[in-house]
Amino acid sequence: MSNSKVRGTNQSMVKIKICGITNFDDARQAIEAGADMLGFNFYRPSSRFIEPEQARKIIDSLKRNTEFVAVGIFVDEPLESLIEQVRTSGVDAVQLHGDESVAYCADLKSRLNGTMIIKALRVSDSFQPAAATKYRVDAIMLDAFHDNLRGGTGKIIDWEIARKTRELVPQLFLSGGLAPENVAGAIDRVQPYAVDACSRLELSPGWKDPSRVTAFVRAARSG
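Numbering follows our numbering, with no gaps: position 2 of the sequence shown is 2.
These aren't lab readings, by the way, just hints derived from the structure by calculation. From a predicted model like this one, the values you see are computed outputs, not experimental measurements. Backbone N, C-alpha and C fix where the C-beta goes; we use that ideal spot for every residue, glycine too. There may be inaccurate statements among the hints.
Claimed, not checked - What follows is a list of derived Cβ distance ranges for each label pair:
hint: 1; residue 1: Met13; residue 2: Arg44; range: 33 to 39 angstroms
hint: 2; residue 1: Lys57; residue 2: Ile156; range: 29 to 35 angstroms
hint: 3; residue 1: Ala131; residue 2: Ser222; range: 29 to 35 angstroms
hint: 4; residue 1: Pro205; residue 2: Glu84; range: 25 to 31 angstroms
Given the sequences, and given the hints that come with them, work out the whole structure.
Shown next, in the form of structure tokens:
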């Protein structure tokens, strides 16, 4: 990834992604609340898994009247299978949340020209911000490390590490334990391109709490 001018932001400009969408009502409510992006998890072991065909129905229905970016989440998916699921689901962007290699990311970027590619990196104690510069992708996401989970951990990452990483990449998605109570502070500290929330906006895995989704969007826009 090139060290081009950083695309930081402030609260009024930050993009908001609500992840782990599994049903139409949650998707519609998130868009009505002001979300810019919806995340659909195509990783089958996830408690928030949704079939690409079902995601397509939600996306197509909402896009008749609204504009938003639909993001498909994948974990170490074989390249051809991923491309097929992108076409089936109709997502606009791909989020890679596994251990995908630099070569895999570059190959995918060339195969899906025009599709936004986001590489998620899990922040462990040994994480180095410079690691984010290796990937030929459109954006880097930082999320919390967990031995068993790929996203949706509810754990907050070190925002200072996130800030340092943001200085090295064109676009940074900040994830990891974001909630209505802390998102404004996270944006002020890190200045990310986008914030991403999932587990701390839920009633149960895969089912959003509308009041917390609305509160999250309001807090993210509060600056």
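Results of checking the hints against the structure:
no.	hint	result
1	Met13 - Arg44: 33 to 39 angstroms	35 angstroms, holds
2	Lys57 - Ile156: 29 to 35 angstroms	34 angstroms, holds
3	Ala131 - Ser222: 29 to 35 angstroms	32 angstroms, holds
4	Pro205 - Glu84: 25 to 31 angstroms	26 angstroms, holds
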